[in-house]
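Protein chains: 2
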Amino acid sequence: MTQTDILIIGGGPAGMVASMTCRQYYPSKRVTVVKEQEKSLVPCGIPYVFGNLLESPEDDMIPCGERSEKMGVKLYHDRIVEIDFDEKVAIGESGERYGYEKLILATGSVPREPKISNWDAEGVFFVPKDPDYILQMHARVQEMETIAVIGTGFIGVEIAGELAHKGKKVHLVGSRLLKHAFDPELSDYMEQKMLHENITFHKDRRSKEILVNEQDRAVGVAFDDGERIACDGVILATGYRANTELAKKSGLSLRQGETIYVDEYMRTTREDVFAIGDCAEKRHFLTKRTVPIMLASTATAEARVAAANLYKINLVKSFSGTIDIFSTVIGGTCFASAGITEEDAAKHRINTVSATVIGSDKHPAKLPNNHKQAVKLVAMANSGIVIGAQVIGSIDTGEMINILGVIIEKRMTVFDLLNLQVATHPLLTSGPTAYPIVQAAQNIVVGHIGS
Amino acid sequence: MTQTDILIIGGGPAGMVASMTCRQYYPSKRVTVVKEQEKSLVPCGIPYVFGNLLESPEDDMIPCGERSEKMGVKLYHDRIVEIDFDEKVAIGESGERYGYEKLILATGSVPREPKISNWDAEGVFFVPKDPDYILQMHARVQEMETIAVIGTGFIGVEIAGELAHKGKKVHLVGSRLLKHAFDPELSDYMEQKMLHENITFHKDRRSKEILVNEQDRAVGVAFDDGERIACDGVILATGYRANTELAKKSGLSLRQGETIYVDEYMRTTREDVFAIGDCAEKRHFLTKRTVPIMLASTATAEARVAAANLYKINLVKSFSGTIDIFSTVIGGTCFASAGITEEDAAKHRINTVSATVIGSDKHPAKLPNNHKQAVKLVAMANSGIVIGAQVIGSIDTGEMINILGVIIEKRMTVFDLLNLQVATHPLLTSGPTAYPIVQAAQNIVVGHIGS
Chain A
1 MTQTDILIIG GGPAGMVASM TCRQYYPSKR VTVVKEQEKS LVPCGIPYVF
51 GNLLESPEDD MIPCGERSEK MGVKLYHDRI VEIDFDEKVA IGESGERYGY
101 EKLILATGSV PREPKISNWD AEGVFFVPKD PDYILQMHAR VQEMETIAVI
151 GTGFIGVEIA GELAHKGKKV HLVGSRLLKH AFDPELSDYM EQKMLHENIT
201 FHKDRRSKEI LVNEQDRAVG VAFDDGERIA CDGVILATGY RANTELAKKS
251 GLSLRQGETI YVDEYMRTTR EDVFAIGDCA EKRHFLTKRT VPIMLASTAT
301 AEARVAAANL YKINLVKSFS GTIDIFSTVI GGTCFASAGI TEEDAAKHRI
351 NTVSATVIGS DKHPAKLPNN HKQAVKLVAM ANSGIVIGAQ VIGSIDTGEM
401 INILGVIIEK RMTVFDLLNL QVATHPLLTS GPTAYPIVQA AQNIVVGHIG
451 S
Chain B
1 MTQTDILIIG GGPAGMVASM TCRQYYPSKR VTVVKEQEKS LVPCGIPYVF
51 GNLLESPEDD MIPCGERSEK MGVKLYHDRI VEIDFDEKVA IGESGERYGY
101 EKLILATGSV PREPKISNWD AEGVFFVPKD PDYILQMHAR VQEMETIAVI
151 GTGFIGVEIA GELAHKGKKV HLVGSRLLKH AFDPELSDYM EQKMLHENIT
201 FHKDRRSKEI LVNEQDRAVG VAFDDGERIA CDGVILATGY RANTELAKKS
251 GLSLRQGETI YVDEYMRTTR EDVFAIGDCA EKRHFLTKRT VPIMLASTAT
301 AEARVAAANL YKINLVKSFS GTIDIFSTVI GGTCFASAGI TEEDAAKHRI
351 NTVSATVIGS DKHPAKLPNN HKQAVKLVAM ANSGIVIGAQ VIGSIDTGEM
401 INILGVIIEK RMTVFDLLNL QVATHPLLTS GPTAYPIVQA AQNIVVGHIG
451 S
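In order, the protein sequence lines correspond to chains A and B. Mapping the first sequence onto the numbering used here, position 153 (from 1) lands on 153, and the numbers just tick up by one. Mapping the second sequence onto the numbering used here, position 229 (from 1) lands on 229, and the numbers just tick up by one.
Some clues are possibly wrong.
If chains are identical, the list can't say which one is meant, so a pair holds when it fits in one copy or spans any two.
Using 27 Å as the maximum straight-line C-alpha spacing, the simulated DSS-like pairs for lysine-lysine come out as follows [to be verified]:
(1) 39 to 366
(2) 29 to 288
(3) 193 to 29
(4) 208 to 410
(5) 203 to 39
(6) 115 to 312
(7) 366 to 166
(8) 366 to 193
(9) 366 to 203
(10) 317 to 410
(11) 115 to 410
(12) 179 to 74
(13) 312 to 203
(14) 248 to 70
(15) 39 to 372
(16) 288 to 410
(17) 70 to 410
(18) 312 to 169
(19) 29 to 410
(20) 366 to 70
(21) 208 to 39
(22) 288 to 203
(23) 317 to 366
(24) 372 to 70
(25) 193 to 179
(26) 317 to 208
If you're looking for bench data, these hints aren't it; they were derived computationally from the structure.
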C-alpha cells in the first residue's frame, strides 16, 4: 500500500500542472502522480514529428516528470484499473494500491473509433498521445511513399502538411479544413496555402472502407461515391473521446455518457474526487452545451482551479465555459481562432454581425519581412459583445489570438475595442492607425453611430 | 473662406484617424484636415531611418493623406495661426479662413527645449516629426563618424542602436535605459543586449554643454563632472512637449499650462471643440495624475472617441487613463511594457507584489528558432489586480504585451489569470504547462492559497 495525500491519475499536461501546483500550494502534502508511460509527448507537437522540424519523436518528449520530481512530486508508472471511492484507494495493474486523501482524475482522451471498415488492419494508424505508439508509427510511416490522412481537423491537417513537406504523397480526406474553428472563406484560404504538389485533397468525400491485401495490410481507401485510391498506409485523424473507462467502471457520473461531470471547482459527484482536462466535461462559453473541445491550455487552467480548491474553496473559475481558443501553422501561414464562428453561431440561432480587415504586421509596409495579417471579428448584433475571432498571419498571430481570447472572455464589446490601448511598433505590429482588431470593430460599429 | 462641417487641425495619426472615422460615421458631412506638411512620417519609424532597415526617410513616409482623400476627406497644406471660437473660424498662415461646425485639435507634440547650453549650434539635431527636417538631418548624420545621442528614452535608445549598426561611433548619454517603462533589472538586461563595440554608454552622466568650434559647430559634449567627449554631431532625444501654442493663443484652458484640458469625450472647455492625441491631456490609469505619455496608439483611440461623440454622446471612453503600453526592439531583442513599473509604484506608495518568469516562445525547446521569453507581472498586494507588466522576447512580444494591456485595462487579477484560456502551439507560443503570463500569476498567488 502506497499512501499519499494527493493522488493524480494521468501524467499529461493537466496531471503534471496539477501536481506541481499542489506542491506549490500545499508544501506539507505528499503529491503522487500515477501515469502509464515513462515518457511524455508534447501533445500538440505530435504532428510535427512527421515533418522536417523535429528530427524524431524523441525531440517532442518532455522532461515534465523531471520538473515535477524536482518539486517533490512522486511519480509511479502504472495503470490504475479500479478506484474504491469509499476506501479512498486506487488499484494499479501492478497490484499496487494507492491510498489518497484527495484524488484528481486526469485520464485524458483517446482516439475515437472511426466509422470505417478495416480500421484495425496493418498499416492503419491512429494518433494517440502515446510515445511508444508514435515512435513505432513514425518508423513505419517513414518507409511509406503514399499515405492517406483521413480527417481535416487540426491533427489531420497538420500531419498531412508535414508529411507532404517531408516528400510523401498525401491523400487528405475530409470536409472543408478546420471547419469547427474557421468560417468557410478562411478554410478556402487555408486550402490555397496548403496546396502542395504532394497533397491531393479529397474534399467532402466520405471514406467508407480501408482496402486491404491478403496479408490484411492497408493498400487503399474506398469512398462512398465508389472511387478508390491506392496508398501504403492510412492515418486516421478522426477525433478523440474522453478516456473515461476507469471513471465509468468506478461508478462516477458521466455527462451524456461521455465526459466526467464536474462543477465550477472541478469537483465530480464524489466527495474529494476532482476531474480535469480532456476527461472532464467542457461546456461552451456561449451555447452552454457540453462540447467535445479538448485543448491542453484549457486542461492546465482546470488543473490550476482544481489544485486551488482541493481543501477549501479558494478560486472561482473565472471562465464561463471553453472559448475553444486555438492556433496552428499551415503551409507556413498561421491560423488562429477563438470563440464561435459565424457559421456555428447561425446554427445556434445567434444574431451576429461580423467584419474582416486585412492589414500588415509591420509598418510602414516597406520594412523587410512584412506579412499580411487578417482579423475577422464576430459580434452579437444587438449588444456588440465579441463572441468570435479568427486571425491569419505570421508568427505573432499566436499571441494575437490570445488578446482576442481575453476580449471574448471578458465579454468586451466592439465599442470597447474602438478605444483599446495597444502597443504598436514598426518592427512588431501593424500601425496604430490601422491595427486590425480595432479596425474590424470600427467597421462593425459604423452605422450604429452617426448624426 | 473655406466652409466645412468638421475641421481637423493636424495630420498625424490622431488627425488622420479622426478624419477617416468621421467620414465613416457621418457620410453627409464635409471633413477637412489642415496639416503643415505635404508628407507624413510614421512617427515610431523615425529612429529606423538612421539604420539599415529602411533605406531612407522616404521609406518611412505614409500615404495617410491618400487613404483619407479616397474616403472623401479634403486636405489643405497650411499652418493655422489663430482660431476664433466665437465665429467658428480658423485662420491659416496663407490667409485662408476655414469655417467649421465642429473642430478637432490634433496638433501633436514637439521636442522639448533641453537644459543644455549651445543646443542651437550647427550639427545639433532634435527629432521632430517633421519630414523635411528628418530628410536633411538624415543626410547630415550620414556624413558624420561620431555622434553623441543625449537621452535614454525610447527615441534616444532606438536611434543610438540604429546608428551603431550602421557603423557610426555613438556616445549615448542618460540615465538607465527606458527607466519609465522598465524596472532596473530589465534596464540592465537591455544594456547587455545593446552593448555594441560602437556604443559608449555614459550612464547617469549629465550633459552640461555642447562644445562648439569657431564656426559655432558642435564638436563635443561637456558633462557636469568635468569630462568631455569629442563628436561630429549631437542628437537631442530629451523628450517632447504638447504643441499647444495655437490653443493657448486662442484662449483654451490648459492643464498645468502644458496640455489641452479634455473630458472623457475628448471635449475641451469650448463648445464644439475637441482635442486628441499628444496635445490633449493624459491621465494615468492608476495614479490619476496628468502624465506626459505620448503614444500614437492612444492618440488614435482618442480620435475614435472624439469622432463618435462629435454630434451626440455615443461612446463612453472605456479606458480610465493611459496605461503607457509600449514595445521596442533593442539589439535584436524585443522589450515591451504596460502599466506601471514596480519602481514607479513604490514612488506612488502603491503596495505591490511581483513575479518574473523566464520561459520560451516555442515548445518543445528542441524546435528551431526557439527564443527565451520573460514576463514580469506587477500586482496590487491586497487585491491582486494586475497593474503592470514587462515582457522580453522575440517578435511575438509585440502582441503579448497587448494581451497584458487588456488584462490591465479590465482590472483582471492574478487569480483570474490562473485560469486564463490561451491558445498554445509548438511553433507559435510557449507550452500550455508553462505559459509565462499564467506562471507569473501562479508564482504571485502561491502563499495566498493553501491548506
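Numbers of the earlier hints that this structure fails to satisfy, in rising order: Hints 2, 3, 4, 5, 6, 9, 11, 12, 13, 14, 17, 18, 19, 21, 22, 23, 26 not satisfied by this model.
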